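Just so you know, the sequence shown maps onto residues 1 to 219 in full-length UniProt numbering.
I should point out that these hints are in silico values taken from the structure, not numbers from a laboratory.
It should be emphasised that the depicted structure is a prediction, and the values quoted were computed from it without experimental measurement.
Incorrect hints may appear among the rest.
Unchecked claim - In silico lysine-lysine, DSS-like type, Cα no more than 27 Å apart, as pairs: (1) Lys153 - Lys136; (2) Lys45 - Lys116; (3) Lys7 - Lys56; (4) Lys50 - Lys91; (5) Lys165 - Lys153.
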Amino acid sequence: FNIYDLKNRLIAHSVAVNEVSFMVCEWGNIILIMADRSALCVGEKDMESKLDVLFKKNLYSVAINLVQSQQADAAATAQVLRKYGDHLYSKQEYDEAMAQYILTIGHLEPSYVIQKFLDAQRIHNLTNYLEKLHEKGIASKDHTTLLLNCYTKLKDVEKLNYFIKNEDGVDHKFDVETVIRVCRAAGYHEHAMYVAKKAGRHELYLKMLLEDLGRYDEA
């Protein structure tokens, strides 16, 4: 006796039974009446039990479809996505894992993901995640510091330029003092001065012009 999940194209339940005389559906259950007059009642498992079975079989895509079809809240969906990300991470499929972790932003503590990719020294994946945190407006000063350190370590001046010189950057996307501090420390003085000038931090601009670049004539 098999129960098929047509949406996910799999056998949801299978059990060996004797010859079946009747089958009825009552109270949300399937009841089988056998030729020998014995009976078998098959009921649907609760959501948590279903997910546990799917996780044990590594059927994460099915688990995601399940929570979405049941209109589970975003936090519950994020937990399934996290487990899928953890599974992919354990297989060293880092790009695929990060794709799942990004979908959890806003519901999973960022430090959980950040620490994993720091440990794995996957700076490109980490950079991608930190960029998404900033895009969603939930990045902290520490996240900004780490992202800028990623850019400078990668020597990715193009992305550093975009991050800093984006029209919405100074006012909405990062902490001005954090950006100035990190850029100065990494030797990107022109970037630090750009931020200071645009943010109206003239005292910092002059300080860098004099102390960092020694351009006394301009001051």
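Violated hints - listed by number, lowest first: Violated hint (a single one): 2; every other hint is consistent with the structure.
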